[in-house]
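Student: In the order they appear, the protein sequences are chains A and B.
The first sequence runs contiguously to residue 437 in numbering that gives the first Met the number 0.
The second sequence runs contiguously to residue 140 in numbering that gives the first Met the number 0.
Don't read these hints as lab results, they were simulated from the structure.
Remember, predicted model here, so these are calculated numbers, not experimental data.
Some hints here could point you the wrong way.
Unchecked claim - Cut-off 25 angstroms, straight-line C-alpha distance, at most; resulting in silico cross-link-like pairs (DSS-like, lysine-lysine):
id, chain 1, residue 1, chain 2, residue 2
1, A, Lys131, A, Lys63
2, B, Lys28, A, Lys234
3, A, Lys34, A, Lys63
4, A, Lys63, A, Lys210
5, A, Lys234, A, Lys220
6, B, Lys116, A, Lys284
7, A, Lys59, A, Lys13
8, A, Lys220, A, Lys59
9, A, Lys64, A, Lys210
10, A, Lys13, A, Lys64
11, A, Lys131, B, Lys28
12, B, Lys116, B, Lys62
13, B, Lys28, A, Lys22
14, A, Lys34, B, Lys28
15, B, Lys62, B, Lys28
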Amino acid sequence: MNRYEHSVCLDVSKCNGCTTCLKHCPTEAIRIRDKHAVIQAERCIDCGQCIRVCPNQAKKANYKKLEAMDGFRWKIALPAPSLYGQFENLGDVDYVLQGLLDIGFDDVFEVSAAAELVSAYTRRYIRQEGVKRPIISSACPAVVRLIALRFPSLYDNIMPILPPMEVAALLARERAKKDHPELRDEDIGVCFISPCPAKVSYVEQGFGSYKSGVDCVVAMKDIYFALINVMSPDKVPTPVSHSGMIGISWATSGGESSAVFNDSYLAADGIRNVIDVLDEIETGKLPHLEFIELNACEGGCVGGVLAVENPYIARTRLQSLRRYLPVSQNFLPEDEHNTIPEELLFGDKPVCRPITRLADSMVESMRRMSEIHRLCADLPGLDCGSCGAPTCRAFAEDVVRGEAATDDCVIRLCEQLKAECAELRRRRIGPVRKEKEE
Amino acid sequence: MSEEALRFHFDVDGDDFTSAGQASVQVKKLLRELGVSTDVIRRVSIAMYEGEINMVIHAGGGKADVIVDETAVTIVLTDEGPGIPNIAQAMQEGYSTAPDNVRSLGFGAGMGLPNMKRYTDHMEIESQLGQGTVITMRVDL
């Protein structure tokens with residue numbers, strides 16, 4: 000299998016090997032080796048939690064700079080709806096869209112507009128029979144990868160409809176080609192303005208055999224500073240915004256699911272809460288639900304690490320921005336068959352590589368587990384992280400896998416040393432006593 | 000049962016109702032690491048959860064032992080509670096002697112023992128009045 004390239008990465012020069020990220024990683028994907036953090040690519044889901052907590056700003060996200068768009072003749076911006084929540088006293092979304100045109104984009108296609116279509120298709124999908132329920136949203140790439148790695152039995156519950164960003168990319172290209180027939184495919188560049196490093200990885204990686212229609216993902220925080228330089232309340236924008244309440248609500252937790260018009264849904268945000276909910280679904284303890292919306296970031300996409308504003312403030316701003324908007328401004332053509340066009344579906348999903356199992360066979364897993372338990376009984380159980388693993392249990396697993404040595408446990412080593420010192424002292428004193436006895 | 004069977008022991012605390020159900024969560028994690036199928040994990044965790052709740056409600060807690068070998072997951076729940084006077088009656092759906100204070104949480108529907116039987120391949124109850132109860136459940140792999 001090809002190695003998964005992650006957006007979330009480490010600046011070794013800034014990392015002092017403190018154990019903060021180690022303790023916060025929800026998939027235990029980080030170890031400290033040679034005095035700095037190492038991210039295990041096969042376990043990382045790009046949730047950005049380590050970026051959030053690193054006291055030394057050593058964890059960062061790789062993304063493109065705006066200059067990466069220079070090579071394209073026709074540049075299209077796809078603003079994520081969370082972008083609108085970043086600005087103070089924003090009276091209208093159009094100021095942001097105008098700003099994007101002013102910093103050099105030739106066209107803007109709102110992801111919130113595409114989101115309204117995805118919501119409409121989701122309602123169709125829910126009406127279909129024979130679909131595995133509860134249906135889990137495919138919008139958050141960190142959640143999709145989490146399910147592939149840790150909840151393989153729920154993999155088929157993921158809705159196969161492309162996320163709004165991809166639908167926006169498809170529609171934006173279509174529009175460009177229609178309006179400017181002279182443009183060739185390679186002339187058109189689609190740039191997503193992202194609150195989220197997982198989207199960067201997703202675009203680079205594709206999804207199964209689906210190749211992303213986005214050419215370049217830039218960080219919301221970078222664009223933010225470019226935008227505030229050109230945005231002005233005195234400059235009346237050209238009205239181009241074409242999204243309603245539903246589309247803008249996608250930026251916050253609960254927005255996507257409220258648009259399914261069905262009471263039987265659950266929305267959870269924050270990666271730990273997401274894991275708890277998936278656990279409950281897997282055990283079958285939840286009551287019957289139709290739809291599950293899960294966001295790795297607290298508050299939803301507004302909580303992404305590449306956003307500027309506090310997620311709760313952004314949420315409040317979005318509430319007032321959408322207040323007098325129509326419920327939706329994007330509609331599907333009438334269709335009694337509830338069709339979802341083939342091009343808006345994932346052809347296949349990436350190969351699911353669960354990380355929960357200790358080994359490939361049950362016998363080997365059992366052998367390893369008893370070894371792990373034997374070793375755990377010998378470890379201090381402090382989960383101090385000094386060995387470089389997040390917990391004593393994870394350390395025992397590393398040892399059994401051959402990736403760490405028992406001596407890496409500082410506490411254990413310290414106790415051994417103390418015992419040896421005592422022994423040395425006893426030996427040194429030993430002969431004196433002997434003499435006395437004689 | 001083969002000699003390499005894995006054994007796990009849990010003390011089920013009878014004093015703290017809010018912690019009831021913790022052992023079944025632990026077992027679920029362990030089984031997942033062993034690569035046991037989701038269906039088996041679901042059945043084991045539901046059966047064990049019901050049994051755990053029963054021990055907390057009726058017997059002031061007890062012990063749970065889980066044995067995993069290559070063929071099955073076996074759960075042994077041992078308590079020193081009042082015992083079950085009429086097992087056939089206790090096995091009837093809807094029959095419950097749970098006190099009112101736990102009914103408000105949704106327990107006491109009389110589905111505990113019937114569910115434990117339904118979700119396992121084999122279940123055995125040994126009960127002595129005034130001495131306690133041992134329930135052995137097996138889910139085949």
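Student: All the hints need checking, so say for each whether the structure fits it.
Tutor: Now the hints, each set against the structure:
no., hint, result
1, Lys131/A - Lys63/A, "37 angstroms, violated"
2, Lys28/B - Lys234/A, "58 angstroms, violated"
3, Lys34/A - Lys63/A, "29 angstroms, violated"
4, Lys63/A - Lys210/A, "18 angstroms, holds"
5, Lys234/A - Lys220/A, "23 angstroms, holds"
6, Lys116/B - Lys284/A, "18 angstroms, holds"
7, Lys59/A - Lys13/A, "11 angstroms, holds"
8, Lys220/A - Lys59/A, "13 angstroms, holds"
9, Lys64/A - Lys210/A, "21 angstroms, holds"
10, Lys13/A - Lys64/A, "22 angstroms, holds"
11, Lys131/A - Lys28/B, "24 angstroms, holds"
12, Lys116/B - Lys62/B, "19 angstroms, holds"
13, Lys28/B - Lys22/A, "19 angstroms, holds"
14, Lys34/A - Lys28/B, "31 angstroms, violated"
15, Lys62/B - Lys28/B, "19 angstroms, holds"
When held up to the earlier numbered hints, the structure conflicts with 1, 2, 3 and 14 and fits the remainder.
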